[in-house]
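Asks: Residue strings, one per chain:
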Amino acid sequence: MTETPKPIAALADTGPTAPPRSQWRDVWDQFRSHRGALIGSVVLILIIAAVFLGPLVWPYDATFIDIRARNQGPSWAHPFGTDQLGRDTLARMMAGGQTSIAVGLTAMLLALVLGSLVGVLAGFFRRLDGPLMRLTDLFLSLPLLPLLLVMVLLFRESLNGVFGPETGIFILIVVAIGVTSWMPTARIVRGDVLALKEREFILAARSIGTTNFGLITRHILPNVMSPIMVSATLGIANAIITESALSFLGLGFPPDFPTWGRLLNDAVQYLQDYPERVFWPGLGISLTVLSINYMGDGLRDALDPRIRGR
Amino acid sequence: MLTYTIRRFVLAIPTLLFISLVIFLLLELAPGDPMAQVPLTVPPEVKEKMRLALGLGDPTHIRFGKWMWQFFVVEPMTFIDWLFGTAWAEGQQRVLSWQFRSPVMDVIVQRMPQTLWVVAMSYVVGILIALPIGIYSAYRQYSVFDQTGTFVTMVGYSVPPFFSGVLVIVIFSVQLGWLPSIYDTTLVVVDWATFKQQLMQMVMPVMVLALQTTAQISRFMRASMLDNLNQDYVRTARAKGLSEWSVVMVHVLRNSMIPVITVIALGVPSIFGGAIITEQIFKVNGLGQLLITAIEANDLPMVQTVTFMIAVLIVFFNIVADVLYGVFDPRIRYD
Amino acid sequence: MTLKSLMLGATAVTSLASMAMAERGADGHVNLIYWQAPSIMNPYLSGGTKEVEAASLVIEPLGRYNTKGEMIPYLAEEIPTVANGGVSEDLTSITWKIKPGILWSDGTPFTANDVKFTAEYCMHPEGGCAQLGKYEGVSSVEVIDDLTVKVNFSQPTPVPYGPFMGGQAPIIQAAQFADCLGAKAQECSAANFAPIGTGPFKVDEFRPNDVISLSANPNYRDPAKPRFATMTFKGGGDATAAGRAVLETGEFDYAWNLQLAPDVIANMEAAGKGVAMSAFGTLVERIEMNLTDPSPDLPEGERSTAKHPHPILTDMRVRKALSMAIDRELLTEIGYGKAGRPTCNLVPAPEIFASDNTDCLTQDIEGAKALLEEAGWTVGAGGIREKDGRKLSLLYQTSTNAVRQDFQALIKQWWSEIGVETELRNISASVFFGSDPGSPDTFPKFYADVEMYANNFDGTDPQSYLAGYTCEKAPRPETQWQGENINRFCDPAYDELVKELGRTAELDKRGEIAKKLNDMLTKDSYTIVPLVDRGRVSARSNTLGGVELNTWDTELWNAADWFRIK
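So the protein lines, in turn, are chains A, B and C. Read left to right, the first sequence gives residues 1 to 310 (my numbering). Read left to right, the second sequence gives residues 1001 to 1335 (my numbering). Read left to right, the third sequence gives residues 2001 to 2566 (my numbering).
Rather than coming from a laboratory, the hints here were simulated on the basis of the structure. Backbone N, C-alpha and C define an ideal beta-carbon position, used for all residues, glycine too. Each statement offered as a hint is correct.
Some chain A residues judged to face chain B by a derived CB distance under 8 Å, without partners named: (1) 142; (2) 143; (3) 146; (4) 191; (5) 192; (6) 198; (7) 226; (8) 229; (9) 230; (10) 237; (11) 290; (12) 293.
Covered stretches of chain A (in silico footprint by chain C; criterion: 3 or more residues with CB under 8 Å from a CB of chain C, positions within the stretch not fixed): (13) 62–68; (14) 253–259.
Turn these sequences into a full structure, and let the hints steer you where they fit.
Replies: Pasting the structure below:
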């Protein structure tokens, strides 16, 4: 009897037990293990949930005036107190947060996309560099206030006509902030791209026939992520504050429409007498910016394969 | 590099002329009226006459031509006259402000000292603080120092100066009574006592402004350092046995400077745009206050001149940044 | 203890002594802060309140109004009247006699020529003089002798006190401004920044929109005045900071026009370094109703013109209901505190011109609802009234200003209680108060249903103010949207009465007509809905004496009498 020798277990081929891990799975795992990023995301989600769902359960309306209850400190009925007209600060914080976060995020994204696009194109294609950077110079030089006033003059009525007053003004504000704040991102990205495109790995990628589009999306963009992330976090704070400046020009939302920037601005003159009124909007803005900053940090680490491997 | 630089400077001239035209047209189009601040008790017919006296009756292209002539010919001549005591610009009309009825340039020169003392100083202070913070935060990522730095700078950045300015005034001027809340622009530093006084009135505005600069630059510095610290050349440098100091401060830092240079160069022109809100709060009355009051009063010659000068600085520092890129990273080639 | 009381006694004696033999410049330095900075020292080229006030320290008129609105002579011997023969019987000329011995701050004598020159300067057709309205109707100014000057009017002028009277029309020096007539006025920056004057102070250095350094005029007519040797006039910042610098930190002695919420001022005063003063003039915060249709659906050029009457507000019952729903007491309490009084009048003062109209002072929500029902507006979906398928919905605009935005929010709530939907809009003051015909957001263009702002009149006579509401003063495309009658109010009876006022000289009769005109605009038609008679609040430190807040002339009218309380 001849027995066929048993195959040596160690030499046997075993099929893959788990499906191959996608890159994004790795990114997600790394992101999850970043404590700051996790806390940041949770806080941001909580804030968003509070401002968007809160008004459904909170009994007070943000614009309801109860003149007898004005200038109250925190109490059970009004946990954040009331303002100089007796409007509930918690309700105003929630309503304000909706606008501020929506405006801040969209305006920041718009500025980021515009800025990165211009920056990458200018840095990568030498022929576009001149015209695009002169355009950036032009936008940097234009005085902000008159520019905004002209935008309202030209577009307010027509936008209101097409989208209705609220959406119309929202679009106007987001575009106004986005269009006037993409330039620093563009310049920073362009500087980085200029240096990157001379590196060996770009040459290598080009030598195996990678198209320009592939070069930009696979090799350039991931490497300029970190300045873009920083621009994003600084940009959102900027957008929230700029929105409040716009409403002073009569360019923003109607005056009874609360936003965090406006609440902060209104409260400054009561700084000594009712300091809590400044505290809440300040906290709202700071928390949002901080949580997005930490999320950005985590995302940056997660996207960097050198760190991810560790 | 030299030919590149020269070419950029030559190209800057048509760019700037175009920018000046766009600014002019923008201001033309913007709603506003130089008579908006005249009380309502002044009848409309009188206001119309005042507008005509300011030259508002002329068509746009004539007013633009006038401004170009006054700015590019008469003002430099006046400057030469002042320098050498000649009289070339005698009898020529300079760019006149509608609010002051006086040459725009004289007022700008008058505003320079306080702007440089406060805004430029805060920028320098901000950069000096930001760079070490950024470098060390990246080097010791997620250390206590990094976390605190991140927290303070981000909170500092998200708190607008209209709040932080008032807050420091309430603390240091009202409650403690240590520092003056109103900046004295007529103060001339001649001895120790006046220097001390100058220092005291500068502290708060410089602090508030430097916080913003620090936050911004340290974030970019940190991010850029982090990108480079994990690169292969850093490992190589360490393997060669270079000291940690020269690895970080020479190799990594130099390669991380490109975004930071961009940010710093972007910020310099805005020094001359002044710091509108902070100047207003501390009553520094520098160029920022000049520009904002001119915009509010629709003083077009003043707004046009100041914004154009800022545009010149923007274009100039843009070129400087591009040249510096080549210095820090010799691989970057423009020709 | 005895030593202390002795010392106290001694200081009391010295301060008394210094009072008695007061000496020019004995009280050292005084600091003023204006949160709006003066841009020029020549009120003829700016017209802004801040410039008029700053200039009043240096250049003076022949006569001023005192705190009660009475005329008092300054450079003149007396105020000319018909009774003392200064004003001609036919009301076509006024003759001023100048006090002898008055010197300009450069030591040269002040003469009637300077007075005549001032009129020429302002009336020059190319000068663009902001105070031209003060010289309206002047046909010529004659110099009778060195100290007598006669102003002739082209027609009988019942109130001939426009020229050379009050802070807006001070006398400038002929010698200094001789080369600055007409178009050249714009280029005389040295003279415009440091005019030579007869006032208590002279300009040492003028920094436009920043700070003015002044010192006592060595040739001032009263050798004991001014008591302060030097003055710093700082400008810029905001009202809160100005109030803080006087009331809380004590860095400054005087802060102008503190437009702040009453509780903010009260808390600042609690620091004990100074006091807030208030006084009333003729400034009235009001809501103006648009009697024409501002709908964006109308073609450009027809919006807000008499061609299309307002679909809602032409009905007086609606306008009245809107007025009845407002609680003016509460508005005043929240927005102005002791610097405001609820009012139903367009002309709240002086007494002789003020109507006794008080029926709007009590809020009447139910009455307002009933009135709207009567007008056919019935409650529809969402509690908003409707009529013939049109919603009772209004656009309410005003300038950007914290108090105005609070008012908007409150009034919106009251109007929603009576079933009126309101959309609020605020516009930057530099656009709203401008009259750029290209901008849709200016107050005279009035592309809204109702708007709110404040206005007043110069001096003590409301004639030209009330004359602004005649039919032909309505802003429309043909007038480049210029005109005072922003409601587009048009009533032939009103126009007739305004003409009658222009012919009447007798004061009591004038008061009667003015009251009638006021009532026609307010309680008879609710075209204008006055809200608050706004006073002026300014603050002084505890150590600054002699300040008398004046709303009829400039606030610094008696700066010569200011002194340091020791």
